[in-house]
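**Student:** Respectively, the protein sequence lines represent chains V and B.
Here this note's numbering is used: the first residue of the first sequence is 1111, the next is one more, and so on.
Here this note's numbering is used: the first residue of the second sequence is 34, the next is one more, and so on.
These are computed hints drawn from the structure, not numbers from a lab.
As the structure is a computational prediction, the values presented were derived from the model and not from experiment.
Some hints here could point you the wrong way.
Unchecked claim - Now the stretches of chain B that chain V is said to cover, found in silico as 3 or more residues with beta-carbon under 8 Å:
| id | segment |
| --- | --- |
| 1 | 47-57 |
| 2 | 61-73 |
| 3 | 95-101 |
| 4 | 105-116 |
Backbone N, C-alpha and C fix where the C-beta goes; we use that ideal spot for every residue, glycine too.
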Amino acid sequence: MPLTLSDAVRALIDGKNFATVATLDPDGGPQTSVVWIGLDGGDLVFSATEDRRKVRNLRRDARVSVSITDAENPYRHTQLRGTVTITPDPDKTLPRILSHKYLAEDPPPESADVERVVVRLKVRKIAGNVK
Amino acid sequence: MGVTFNEATKALFDGKNFPVIATINADGSVQTSVVWAKRDGDAVLFATVRGRLKERNMQRDPRVSLSVFDLEDPLKYVEVRGRAEITDEGGRELIDELSNKYDGKDFRPEPPEVVRVVVRVVPEKITGYAS
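Chain V extracted, bound-state conformation (with noise of 0.2 Å):
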């Protein structure tokens, strides 16, 4: 049963913060790079591209760990741990919100032929000092 969040989490999700996903290689190995989050519906969620190693990662092994530091105090922290579902972008909506959320401004044009989608984070376990 995917976890619901609390208010303090969600703040950290809805605020100018920056996350860290982890995911799994296809050798086992841990894969970590940065990225913008939206708050949707109560769910963490993320914007990517199909080439993106993430991606590949995710849709092979779904199993995820997001790590959301503060940018106003980096010693409170999250760490989201669960499964992600994947779902198409095709008109590029989750970019355009995250890029006014974060640069108040449009994200740079995108070729069509760069497929986007929504990556949603379920949560099975929270650890880190905001719960």
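We have chain V already, so just place chain B on it with the hints.
**Tutor:** Chain B in isolation, oriented as in the chain V frame:
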């Protein structure tokens, strides 16, 4: 000849930034946590405690991924994938050194059963803007 850090990567680990470390759990899933760290030549050092989840994970499987971004400009980030080498020697000295780097003072005293260890991450692959 091992993998070396370029100037941008060195700056990220030399600065007061908060790397996220990903390790592999016993069931093959991935977990993340936030650490203080310093650079030691072309390796990264951080301190943890024997018995903690990340330490047990690294003892079982030394493959790690460290991502760090510049708190002042989070779009500058680097991912270091490599292997962790763990030693007891110098653990307390390292946590004090890191505490001074980040907080300007020694770390709080810890009871003798808390065994601080040094984790040295030897990079095998570096990606991200700074690479």
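**Student:** Per the coverage rule (Cβ-Cβ under 8 Å, at least three residues), is the segment 95-101 of chain B covered by chain V?
**Tutor:** holds (count 5)
**Student:** Does the segment 61-73 of chain B contain three or more residues whose Cβ lies closer than 8 Å to a Cβ of chain V?
**Tutor:** Three-residue rule met by the segment 61-73 of chain B, so holds; n is 7.
**Student:** Taking a Cβ-Cβ distance under 8 Å as contact, does the segment 47-57 of chain B have three or more residues in contact with chain V?
**Tutor:** Three-residue rule met by the segment 47-57 of chain B, so holds; n is 5.
**Student:** Cut-off 8 Å, C-beta pairs, minimum 3 residues; does the coverage of the segment 105-116 of chain B by chain V stand?
**Tutor:** holds (count 4)
Checked against the numbered hints above, the structure breaks none of them.
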